[in-house]
Amino acid sequence: MNRPRPEPMQVVKQRRDAALTALVDSVPYIRFLNISFDRRGDELTGQMNFNEKLIGNPYLPALHGGTTAAFLEMTAMMALNWQHLWAKIEAGELDPADMAAGKLPRQPKTIDFTVDYLRSGLPRDAYARAVVARSGRRFASVRVEAWQDNKDRPFAQAVGHFLMPQGEDKRDAKQT
Amino acid sequence: MKLTNIGGGTAEISMPYDTKLIGDPNTGVIHGGAVSALMDTCCGAAVMSHPEAPGGTATIDLRIEYMRAATPGQAITTKATCHHISRNVAFVRAVAMDDDQDRPVATATAAFSVEASF
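Quick mapping for you: the protein sequence lines, in order, are chains A and B.
Using the working numbering, the first residue of the first sequence is number 1, and each one after it goes up by one.
Using the working numbering, the first residue of the second sequence is number 1001, and each one after it goes up by one.
The following block holds chain A by itself, in its conformation from the complex (with noise of 0.2 Å):
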């Protein structure tokens, strides 16, 4: 019965939220569309913050399908590379302080994005939760779904098949 002592709350708190926040501030677009990710353990919800520039349809009014896609494709990399990441966070290999002060992991990059428009985006804010489906050495599958007012109706969802960073491992071994 030797378990560790669990670290105490604010510790891993002020750890993820450091790392989450080092990662979201590193793209300049996510600032651009004033997306933000709320935090519950290791899931990720993204949040587009209404703006009047996001509206395409100015009748209707509705959202842009562009910034629609954006925000999905955004929410499903930043829920990919979160989960990438996860275990090298906690187990310290990763350090939030160098990550805010710029050396960061390489990202996943975008193979194709598949986009399905159900309805018709509000004039308010939206949230999307993206699920790896699978991640493997080189290429991971993630679904991805949008909605607003109720989250059994979503207004869009995606599929994306991403390419994973190569060699870090190789790269990380060279740098011990």
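Mixed in with the good hints there might be a few duds.
[Claimed, not checked] Derived pair list, reagent style EDC-like, types lysine to aspartate or glutamate, alpha-carbon separation capped at 20 Å:
hint	chain 1	residue 1	chain 2	residue 2
1	A	Lys109	A	Asp25
2	B	Lys1020	A	Asp25
3	A	Lys103	A	Asp17
4	A	Lys151	A	Asp125
5	B	Lys1002	B	Asp1024
6	A	Lys109	B	Asp1098
7	B	Lys1079	B	Asp1098
8	A	Lys103	A	Asp25
9	A	Lys53	B	Asp1018
10	A	Lys109	B	Glu1012
11	A	Lys13	A	Glu93
12	B	Lys1079	A	Asp112
13	B	Lys1079	B	Glu1065
14	B	Lys1020	A	Asp17
15	A	Lys13	A	Glu43
16	B	Lys1079	B	Asp1099
17	A	Lys109	B	Glu1115
18	A	Lys103	B	Asp1099
[What the hints assert, rightly or not] Covered stretches of chain A, going by a simulated chain B footprint (3 or more residues, C-beta under 8 Å):
hint	region
19	12-19
20	63-71
21	81-92
22	115-129
[Claimed, not checked] Here chain A is said to cover these stretches of chain B; the calculated rule only asks that three of the stretch's residues, wherever they fall, bring their Cβ under 8 Å from a Cβ of chain A:
hint	region
23	1069-1075
24	1086-1097
No lab work stands behind these hints: they were computed from the structure.
Heads up, the beta-carbon is just placed ideally off N, CA and C, and yes, glycines get one too.
Given the structure of chain A, go ahead and fit chain B onto it with the hints provided.
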């Protein structure tokens, strides 16, 4: 984004390089989402410019394939062609290029709904 050419079911839109659109800070490469937004806009414009399109349009689905990273510092230009339009649905293909005109950055295939008016 700047509309550089439109008419007869084709549209061409150019998006200059901007640091706000960066997805990977280590390389300065534009985020895929920004390319998606550009593609969607361009495909929609192509549909509306088609002589048989009665009015408005909305995206039903959009698929994008990323062939390579866009070169940092260069504008991205998309050309979309609405190659078929029926009473309810329009089919569009688009290609995104940077300064290298031989190797596309991305291609897209999309379906749009055709609506009577806005």
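For each hint, the structure was consulted:
1. A/Lys109 to A/Asp25: holds (18 Å)
2. B/Lys1020 to A/Asp25: holds (12 Å)
3. A/Lys103 to A/Asp17: holds (17 Å)
4. A/Lys151 to A/Asp125: With a Cα-Cα distance of about 13 Å, the restraint between A/Lys151 and A/Asp125 holds, given a limit of 20 Å.
5. B/Lys1002 to B/Asp1024: violated (24 Å)
6. A/Lys109 to B/Asp1098: Holds - the C-alpha atoms of B/Asp1098 and A/Lys109 are around 18 Å apart, at most 20 Å.
7. B/Lys1079 to B/Asp1098: holds (11 Å)
8. A/Lys103 to A/Asp25: holds (13 Å)
9. A/Lys53 to B/Asp1018: holds (17 Å)
10. A/Lys109 to B/Glu1012: violated (26 Å)
11. A/Lys13 to A/Glu93: At roughly 17 Å apart (the allowed maximum being 20 Å), A/Glu93 and A/Lys13 satisfy the hint.
12. B/Lys1079 to A/Asp112: Holds. B/Lys1079 to A/Asp112 sits at ~18 Å (cutoff 20 Å).
13. B/Lys1079 to B/Glu1065: Distance of about 15 Å is within 20 Å: holds.
14. B/Lys1020 to A/Asp17: violated (24 Å)
15. A/Lys13 to A/Glu43: Holds, at roughly 13 Å.
16. B/Lys1079 to B/Asp1099: Cα-Cα ~14 Å, so holds.
17. A/Lys109 to B/Glu1115: violated (35 Å)
18. A/Lys103 to B/Asp1099: The hint is violated at about 30 Å.
19. 12-19: Contact hint for the region 12-19 of chain A vs chain B: violated, 0 residues under 8 Å.
20. 63-71: holds (count 7)
21. 81-92: Three-residue rule not met by the region 81-92 of chain A, so violated; n is 0.
22. 115-129: holds (count 4)
23. 1069-1075: violated (count 1)
24. 1086-1097: violated (count 0)
In summary, the numbered hints that this structure violates are 5, 10, 14, 17, 18, 19, 21, 23, 24.
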